[in-house]
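Chain A is already provided as a structure; the job is to place chain W on it using the hints.
So the protein sequences, as listed, match chains A and W. Every letter in the first sequence is one number past the one before it in our numbering, and letter 69, counting from 1, is 53. Going from the second sequence to our numbering is simple: count from 1 and add 23.
None of these hints come from the bench; they were simulated from the model. Treat the hints with care, as some may be off.
Computed cross-link-like contacts, DSS-like style, restricted to lysine-lysine with a CA-CA straight-line distance of at most 25 angstroms [unchecked claim]:
id : chain 1 : residue 1 : chain 2 : residue 2
1  : W       : Lys252    : A       : Lys70
2  : A       : Lys50     : W       : Lys30
3  : W       : Lys30     : A       : Lys132
4  : A       : Lys136    : W       : Lys26
5  : W       : Lys292    : A       : Lys132
6  : W       : Lys65     : A       : Lys136
7  : A       : Lys84     : A       : Lys64
8  : W       : Lys288    : A       : Lys50
9  : A       : Lys70     : W       : Lys288
Computed spacing ranges between beta-carbons, pair by pair [to be verified]:
id : chain 1 : residue 1 : chain 2 : residue 2 : range
10 : W       : Ile253    : A       : Arg143    : 27 to 37 angstroms
11 : W       : Ala293    : A       : Thr165    : 34 to 44 angstroms
12 : W       : Ser319    : A       : Glu137    : 21 to 31 angstroms
13 : A       : Asp40     : W       : Ser319    : 29 to 39 angstroms
14 : A       : His67     : W       : Ala339    : 40 to 50 angstroms
15 : W       : Ser319    : A       : Gly(-4)   : 51 to 61 angstroms
16 : A       : Gly(-5)   : W       : Phe248    : 43 to 53 angstroms
17 : A       : Leu59     : W       : Gly43     : 44 to 54 angstroms
18 : A       : His67     : W       : Gly151    : 58 to 68 angstroms
19 : A       : Arg88     : W       : Asn372    : 25 to 35 angstroms
20 : W       : Thr92     : A       : Leu59     : 56 to 66 angstroms
21 : W       : Lys373    : A       : Lys64     : 27 to 37 angstroms
Listed next, the stretches of chain W that the computed footprint assigns to chain A, with coverage defined by at least 3 CB atoms under 8 angstroms from CB atoms of chain A [claimed, not checked]:
id : region
22 : 189 to 202
23 : 353 to 360
All values reported here derive from a predicted model rather than from experimental measurement. All C-beta atoms, glycine included, are put in the ideal place defined by N, C-alpha and C.
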Amino acid sequence: METSIIISGYGGQGILFAGALLCHAAVIEGKNTTWIPSYGAEMRGGAANCSVNISDDEISSPVIDKADVLFALNLPSELKFEHRIKPGGLMLLNTSLVKKIPERHDIEYLNMQLNEMAEELGGAGFANVIAVGAFVEKTKILSVESLKQALKEMIPEKRRNLLPGNLASLEYGVNFIKNLTKVSL
Amino acid sequence: MAKVLWKGNQAIAQAAINAGCMCYFGYPITPQSEIGEYMGDKMPELGRTFITAESELASISMVIGAGTTGTKAMTSSSSCGIALMQEAISAMCCAEVPGVIVSVMRGGPGLGNIASAQGDYFQAVRGGGNGDYKTIVLSPSTIQEAIDLMYKAFHISIKYRNPVMLLADGILGQMMEPVEFGEYPYQDDDVSTWALSGAKGRAPRNLVSLHMADGELEKISDRIFQKYKIVEEKEMLVDKFMTDDAELIVTAFGTTARIAKSAVKKARKAGMKVGLFRPVMLSPFPEKELYETAKSAQMILDIELNQGQMLLDVKASVFGACPVEFLGRSGGGLLTDTQMLERITTLYNKIGVRV
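Pulled out of the complex, with its shape left as it was, chain A reads as follows:
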């Protein structure tokens, strides 16, 4: 099975990191994966996005036409990519920044107040990892364990102080989905 994911938001929200995190975890699980960033004139506060593919088989096209999943961490992302999700796909929406009413009825929306959640954990910088945690718990595409391992491998020695916060953020996202499930039961 192949899953295509577009992660989009402002530069500085950890968009490229979130994508790379999924890729690292995919490699840990022995899967094939590709990651393409938007590059060049990107900057903090500007637009940033990346395309991630995760598959058990060879990935032919690393370029995503229609995605299975979109992370829209800000409003411009929602506007730009909402129509690029496959019918039956999933949009993870940061409702802290996207106040717009969703337009499509053929995809699933997962609403999360990511900025507020991240502040609870100590800073807006954790929003990306919370979103990744929620995504993997919801879709089970990768195991939470592989993501923890990937975080450990990706965060360099000199930034080691950020590891506990990132691990906690991952858990937060996972638990958010677990609690949702409980409510719906």
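Leaving out everything else, chain W in the frame of chain A:
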């Protein structure tokens, strides 16, 4: 060894290091700046040479200097930067100086833009230098292949004493995927018979691209083209996917070929007999291989991110064996597998084959 996640540009740089590249000369330009950045970090640590040149002209001239001593050297740049190197590349071919050039294409013409494109096929394969010469051009479509081809580039550059270009594009340079490096698999040729190593104890040598004596240049020209024939016979690389029973064959190179493979797979699922022919070596071009593949097909569809450049080589190779159609996009726009499949389907129905 387990696979590791690498960015294209950095993997290309590490592959050069593994291949024994002793000198890197370059000037930064998007979308390949990470190659120079990585080399600037690693080469001095290894006691090898890294120089940020004052221009692309200087970079390639430094490659010539290093190359004349039989040292493995490289430069890397993108479209408009490679344009500046053309005169030197012609000189390298004439003087038979080895060297590796990595070209990571962006949008053109002119300064263009920084998006991924394939508008420099002609620039790489035909070249903008003067006279009769050929750059050997290798075109990867995955990061793994970029690594393997970097190894080959250094090896055959020394073996045939000719510049070798790795022609990649912005997407390949910027993307990440899991790869395995492995050991440098080649035994390199001895350079001591020709390299400029100091004339103490032997007759002096020179490696020049000016040959004024009567008939001398013609001899050299004939010899280097003899060499290209050998490259064509011994080093040729093509990748064929489901071409054996294909009624329609897609030709494409680099990242476009990768996307095209996805379209071909989808076409097969829909019951269409479609295959993919991907030249991995673009110069010399795999004429024979393409002709042999094309003659049993009904139609060729050439897909490129330009206005139709490899198309000329495809047409020349197919030599009228079947019609050749073209799908392209220029200026940094991408073609998705859906768009490719659409054109494949339209053409497939046209050739009157029952689906």
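Tested hints:
1. Of the pairs offered as hints, the one joining lysine 252 of chain W and lysine 70 of chain A is violated, with about 49 angstroms between alpha carbons and a cut-off of 25 angstroms exceeded.
2. For the hint pairing lysine 50 of chain A with lysine 30 of chain W, the CA-to-CA distance comes to about 23 angstroms; that is within 25 angstroms, so the pair holds.
3. For the hint pairing lysine 30 of chain W with lysine 132 of chain A, the CA-to-CA distance comes to about 21 angstroms; that is within 25 angstroms, so the pair holds.
4. Pair hint lysine 136 of chain A plus lysine 26 of chain W holds up; C-alpha atoms about 17 angstroms apart against a cutoff of 25 angstroms.
5. With a C-alpha separation of about 38 angstroms, the suggested pair lysine 292 of chain W and lysine 132 of chain A falls outside the 25 angstroms cut-off, and the hint is violated.
6. Restraint check: the Cα-Cα separation between lysine 65 of chain W and lysine 136 of chain A comes to about 24 angstroms, which is no more than 25 angstroms; the hinted pair holds.
7. Taking the CA atoms of lysine 84 of chain A and lysine 64 of chain A, the gap is about 13 angstroms. The hint holds against a cut of 25 angstroms.
8. Between lysine 288 of chain W and lysine 50 of chain A, the direct Cα distance comes to roughly 17 angstroms. Compliance with the 25 angstroms bound is thereby established for this hinted pair.
9. Restraint check for lysine 70 of chain A and lysine 288 of chain W: satisfied, since their Cα atoms lie roughly 19 angstroms apart, inside the 25 angstroms limit.
10. Checked against the given bound of 27 to 37 angstroms, the beta carbons of isoleucine 253 of chain W and arginine 143 of chain A, roughly 52 angstroms apart, lie outside it.
11. Our hint of 34 to 44 angstroms for alanine 293 of chain W and threonine 165 of chain A holds, since their Cβ atoms are close to 38 angstroms apart.
12. Restraint check, serine 319 of chain W to glutamate 137 of chain A: a C-beta distance of roughly 49 angstroms breaks the suggested window 21 to 31 angstroms.
13. Evaluation of the 29 to 39 angstroms hint for aspartate 40 of chain A and serine 319 of chain W yields a pass: the beta carbon distance comes to about 33 angstroms.
14. Against the hinted window of 40 to 50 angstroms, the Cβ-Cβ separation of histidine 67 of chain A and alanine 339 of chain W comes to about 42 angstroms, which satisfies the hint.
15. A C-beta distance of roughly 55 angstroms is found between serine 319 of chain W and glycine -4 of chain A, which places it inside the suggested range of 51 to 61 angstroms.
16. Checked against the hint of 43 to 53 angstroms, the C-beta distance between glycine -5 of chain A and phenylalanine 248 of chain W comes to roughly 51 angstroms, which is consistent with it.
17. Separation of leucine 59 of chain A from glycine 43 of chain W is about 51 angstroms and conforms to the stated range, judged on CB atoms against 44 to 54 angstroms.
18. Between histidine 67 of chain A and glycine 151 of chain W the CB atoms are about 42 angstroms apart, so this pair departs from the stated range of 58 to 68 angstroms.
19. The hinted range of 25 to 35 angstroms is satisfied by arginine 88 of chain A and asparagine 372 of chain W, whose Cβ atoms lie roughly 32 angstroms apart.
20. Checking the proposed 56 to 66 angstroms range against threonine 92 of chain W and leucine 59 of chain A shows it holds: the Cβ atoms sit about 58 angstroms from each other.
21. A hinted range of 27 to 37 angstroms for the beta carbons of lysine 373 of chain W and lysine 64 of chain A is consistent with their spacing of about 36 angstroms.
22. For the region 189 to 202 of chain W, the stated coverage by chain A is satisfied: 7 residues place a CB nearer than 8 angstroms to a CB of that chain, which reaches the threshold of 3.
23. A count of 3 residues in the region 353 to 360 of chain W with a Cβ less than 8 angstroms from any Cβ of chain A is obtained; the coverage claim is therefore met, three being the minimum.
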